[in-house]
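Engineer: Single-letter residue listing:
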Amino acid sequence: MLKAAGGTALAAALAGCSSLLGSGEEDDSQSSSDVPDEPIEAGLQTFTEGAAAVLGLQAQYGAQLAVERINGAGGVAGREMKLDVVHEGDSHVENYNQFVEEGKDVTFGPISSGGHAAMAPEVESQEVVNVGTDGTVTTLYEETVTDPTYSFRFQNYDVMECVSAAREAVERLGADNVNTIAGINPNYAFGKDEFSVFKRAIKKLAGDVEVVYEGYPDLMADDMSTHITEVNNEQPDVTFSSCWGGDVTTLMSQAAANNMFENTQLVGSVLYSAVNDLSQDVVEQASAISGSRNFYWGEPTTNRWQPGKKLREDAKSKWDIVPSAHFMSGYGAVAAWATATQKAVDIVGGWPSQEQIAKSLEGHGFYTPAGYHVMSEDHQGMSNSYYGKMSWSSDVGAPVLEDVNMYDPREVSPPPGTKSAKWIGSWS
Amino acid sequence: MKGLELTRKQAVLTVVGLLLAFAVPDLARLTASVQLSVVHQGLAFGLAAVGLNLLLRHTKLVSFGHAAFFGTGAYATALLASKLDVAMMSVLLLAAVLAAGLMAAVIGYLSLRHTGLYFSLLTLAFGQLLYALVQGQSYLGSSDGLPVRPGEANQPLIFGLALDADAYAVLLYYLTVVFAVVSLLVMYRLVKSPFGAALDAIGQDRTRAEFIGIPVQRYVWLAFVISGLYGGLAGAIYAMVQQHVRPGPVLYFLQSGDILYMAILGGFQTLLGPLVGGVVLVFLQDAGKDFTNYFDALTGIVLLVIVFGFPQGIVGSLERGGNVRQRAREFAEDPSVVGSWAAGAASALRSAFGDWVNSVRSMLGVR
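Going line by line, the protein sequences match chains W and X. For the first sequence, this note's numbering assigns the number 7 to the initial residue and increments by one for each residue that follows. For the second sequence, this note's numbering assigns the number 77 to the initial residue and increments by one for each residue that follows.
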C-alpha cells in the first residue's frame with residue numbers, strides 16, 4: 007500500500023501536479039531492502055552545440071527538469087537519479103557504449119535519425135535500456151530493429167506527423183481546394199521521407215493532387231530564394247515543409263520578404279521547433295499551419311490543466327525558453343522510464359533487471375504535462391500530435407498556435423506490425 | 077625482413093608497443109576512460125593516415141580528399157553486407173580494398189595532372205562529389221546510412237565464426253592490430269625500395285626526376301592508388317567496428333582534414349607517426365566531450381601546440397634528434413632554460429601576431 011503511494015507520488019510529480027504530492031513522507035516508505043541505496047546513473051546524449059542544439063538543448067532541459075521532479079518526489083523507489091549529458095556528435099554508438107561501460111542504469115537520446123539507426127542494434131546487443139528522445143526515422147522499428155527488446159523511442163515519429171499534416175491541410179482548406187502542392191524540405195533522408203509520406207497521404211485524402219514543385223535546400227543553407235521563387239511561380243494550394251530549427255527561420259523570413267505567403271498556404275511539420283527565433287512580422291505575414299509533434303504547452307488549455315502551465319513557467323524561469331515538443335521528448339523519455347521502473351519495482355518487490363524494466367515499458371501508459379502517453383508494444387511512443395495556426399502572442403513574446411487540433415495516435419499511425427506505406431496504401 | 081634491422085633498444089620498444097596494443101581490451105575492462113571501440117576506430121583512421129602519408133611524406137602532395145577512399149571501403153562493405161548479405165569478413169575486406177583501389181585509380185588519374193594547390197582542391201572536390209552522391213541516393217541509405225549486420229548472426233563472420241558482441245569486438249580488434257603491423261611492414265619495404273627512392277626524388281624536384289628518367293606521372297599515380305588501398309582497408313575495418321556506415325562520419329571533407337591532421341599530429345616524417353596520430357586524435361575527440369562543451373577547440377589547441385612547439389609531431393619529437401629529447405637534455409643540464417624557452421615562445425607568438433597584422437593590413441591596403 008505504501009509502495010503504491012510512492013508510485014503515485016512519482017507519477018503525479020512527473021505530470022507536474024505537485025499539489026498531489028503531500029508532505030513528502032513517502033520518501034521513507036519507498037525504500038525496500040532489495041532496492042540498492044546508491045543513486046540511479048542515467049546518461050543522455052543530445053546535441054549540446056552546433057545548429058542542431060536548437061532541438062538538442064530543449065531535450066536536455068526537458069530531461070533535467072524530469073530528473074529534478076523525480077528527485078523532488080523522493081526518487082524512483084527511493085533512489086535518487088543522476089543525469090550525465092554528452093554531446094552526441096557523430097559518436098552515437100561510442101557514447102552509448104561508454105555509458106554502458108560506466109555502469110549506467112539507463113540511457114536516453116539521441117536526436118539524430120541516422121545515429122539512432124546505428125545505435126539501436128547495439129542497444130539490443132548490450133541489453134541496457136535506451137529510451138530515444140528523437141531519432142524519428144520511420145524505418146527504425148519497421149526495418150532496422152524489427153523485434154526490439156531494450157530499445158524504445160518516446161517522440162512521435164515521421165509518419166504520425168506527416169499524416170497529421172495532410173489531414174490538417176485537407177481539413178482547413180477543404181478537400182476540393184487542394185489540387186496542387188509543393189514541397190521545400192531539407193536535403194537528407196528525413197526531408198525526403200517526410201515529403202514522400204505527406205504526398206502519399208494527401209493524395210489519398212484529397213484525391214487528384216498534382217505535385218508542382220519539389221525543392222531540397224541543404225541543411226543550414228543561408229539562401230532559399232530559388233525555392234521560394236519556384237513556389238511563387240507555381241502558386242500551389244499547399245506548400246509542405248519539414249524544415250526545422252534554424253532552417254525554419256531562414257525559410258520563413260525569406261518567404262515573407264518575397265511575398266510567398268500571398269501565393270500559397272505553408273504547412274510545416276516542425277515549424278514550431280523555431281519558436282524561440284521567429285519574429286513577429288514574419289509570423290503574422292505567414293499565417294502558417296504548424297505541427298508540434300507530441301506537445302503544445304497551450305493544449306490541453308492551461309486553465310483546465312495546471313501541469314502544462316507549471317511546465318511553461320519552469321522552462322521560462324530556468325532557461326528563458328518556450329518549451330517545444332523537443333523539450334517534451336527529453337522530459338517524456340525520462341518519465342516513461344521512471345514510471346515504468348517504479349511499476350516494475352512494485353511488482354517484483356525489489357530492483358528490477360533491465361529485461362524486467364523493458365517488459366514493463368511495453369504497453370506502459372503514463373502522464374506528463376502534455377497529457378497521456380503510451381509506450382506502444384512495438385516500442386514506439388504514442389502521443390497526441392498538435393496542429394494549429396501559428397500566430398504572434400505579445401503576452402508570451404513568441405509565436406503560439408491558435409485554433410489547435412489534436413490527433414489521436416490511432417488516427418495517424420499504423421497499428422503495430424503494419425508498415426506505414428502499406429497502411430496508407432490501404433486507405434479507401 | 078631484409079633491410080629491417082632493429083637495434084636492441086628499438087626491438088624492445090617494438091615489443092612493448094605491440095604488447096600495449098594487444099593489452100588494450102584488458103585495459104578497457106579495468107577503466108571506463110579507455111574504450112576499445114574508440115582505440116579501434118583510432119587505429120582504423122590511423123591506417124588511412126599511414127596511406128595518405130605515402131603521398132605527403134615522399135611525393136610532397138597534400139590530398140584533401142582521402143576520406144573518399146575510406147568512405148568507399150566502408151560503403152563497399154556496407155553494401156555487400158546489407159544488400160547481398162555477404163557475411164564473410166575476408167570477402168568484405170577484399171571487396172572494400174579493391175573498390176577503394178579502383179576509386180583511387182580514377183580520382184588519381186583525373187587529379188594528378190595538377191600539382192600543389194590545384195591537386196589539393198581537385199581531391200577535395202572529388203571527395204565532396206562522392207559525399208553528395210551518397211547523400212542523395214536512397215539506395216545507399218541517404219543520410220541515415222546502411223547497417224553492416226549481415227546474415228543470421230547479424231554481424232560479419234570472423235573465420236566463419238558467429239561470436240557474441242564482446243568476443244566479436246575483441247577478436248576484430250586483434251585482427252586490426254595484425255593488419256596494422258603488416259601494413260606498416262609493407263609500407264616500410266615500399267619506401268625503402270627503389271620505388272620509394274624515386275618517389276622521394278619526385279617530391280624534391282619533379283622536373284629533375286623526369287630528366288633522370290623517372291616516369292613521374294605513372295609513379296605518382298601508383299603511389300596514389302596504394303594510399304587508396306590503405307584507405308579502403310581502414311574504411312572496411314571502421315564499418316565492421318561500427319556495424320553501421322553513414323556519409324557524415326566517413327565521407328565528409330572534414331574527415332579528410334582529420335586524416336591529414338592525424339599524419340601531422342603523429343609526425344608525418346615517420347612511418348609509425350600517422351597511426352599514433354590517429355589513435356591520439358580519435359581518443360582526444362572522444363575524451364574531450366567528457367570535460368568540456370568546447371571540445372572541438374581542443375583539437376585546435378593541440379594543433380597549435382604541435383605546430384609551434386613540436387613541428388615533428390608526437391613520434392618525430394620522441395625520436396633521436398627530436399625536439400623532446402633535445403629539450404630534455406637541455407633541461408637536465410640547466411633547469412633555468414625554461415625561462416628562455418618561455419621568452420622564446422612569447423617572442424615567436426609576438427612575431428606571428430605581428431606578421432598576421434601586417435598581412436591583414438596589406439590585404440586591406442592600409443599602410
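Do not rely on the hints blindly, as some may be mistaken.
Cross-link-like lysine to any residue pairs, in silico, SDA-like; alpha carbons within 25 Å at most [to be verified]:
id, chain 1, residue 1, chain 2, residue 2
1, W, 322, X, 369
2, W, 425, X, 216
3, W, 324, X, 216
4, W, 315, W, 13
5, W, 324, X, 102
6, W, 198, X, 324
7, W, 88, X, 106
8, W, 205, W, 216
9, X, 159, W, 150
10, X, 159, W, 202
11, W, 198, X, 214
12, X, 159, W, 148
13, X, 159, W, 152
14, X, 268, X, 106
15, W, 428, X, 213
16, W, 88, X, 363
17, X, 85, X, 264
18, W, 88, X, 105
19, W, 198, X, 328
20, W, 428, X, 216
21, W, 88, X, 158
22, W, 428, X, 158
23, X, 159, W, 13
24, W, 198, X, 158
Hints were generated in silico from the structure; no laboratory data involved. Only a predicted model underlies this, so the values are computations on that prediction, with no experimental measurement involved.
Engineer: Next step is simple, just say for each hint if it's right about the structure.
Structural biologist: Do the hints match the structure? See the list:
no. : hint          : result
1   : W:322 - X:369 : holds (23 Å)
2   : W:425 - X:216 : holds (21 Å)
3   : W:324 - X:216 : violated (43 Å)
4   : W:315 - W:13  : holds (23 Å)
5   : W:324 - X:102 : violated (44 Å)
6   : W:198 - X:324 : holds (17 Å)
7   : W:88 - X:106  : holds (23 Å)
8   : W:205 - W:216 : holds (9 Å)
9   : X:159 - W:150 : holds (13 Å)
10  : X:159 - W:202 : holds (23 Å)
11  : W:198 - X:214 : holds (9 Å)
12  : X:159 - W:148 : holds (17 Å)
13  : X:159 - W:152 : holds (17 Å)
14  : X:268 - X:106 : violated (40 Å)
15  : W:428 - X:213 : holds (22 Å)
16  : W:88 - X:363  : holds (20 Å)
17  : X:85 - X:264  : holds (19 Å)
18  : W:88 - X:105  : holds (23 Å)
19  : W:198 - X:328 : holds (20 Å)
20  : W:428 - X:216 : holds (22 Å)
21  : W:88 - X:158  : violated (38 Å)
22  : W:428 - X:158 : holds (23 Å)
23  : X:159 - W:13  : violated (47 Å)
24  : W:198 - X:158 : holds (21 Å)
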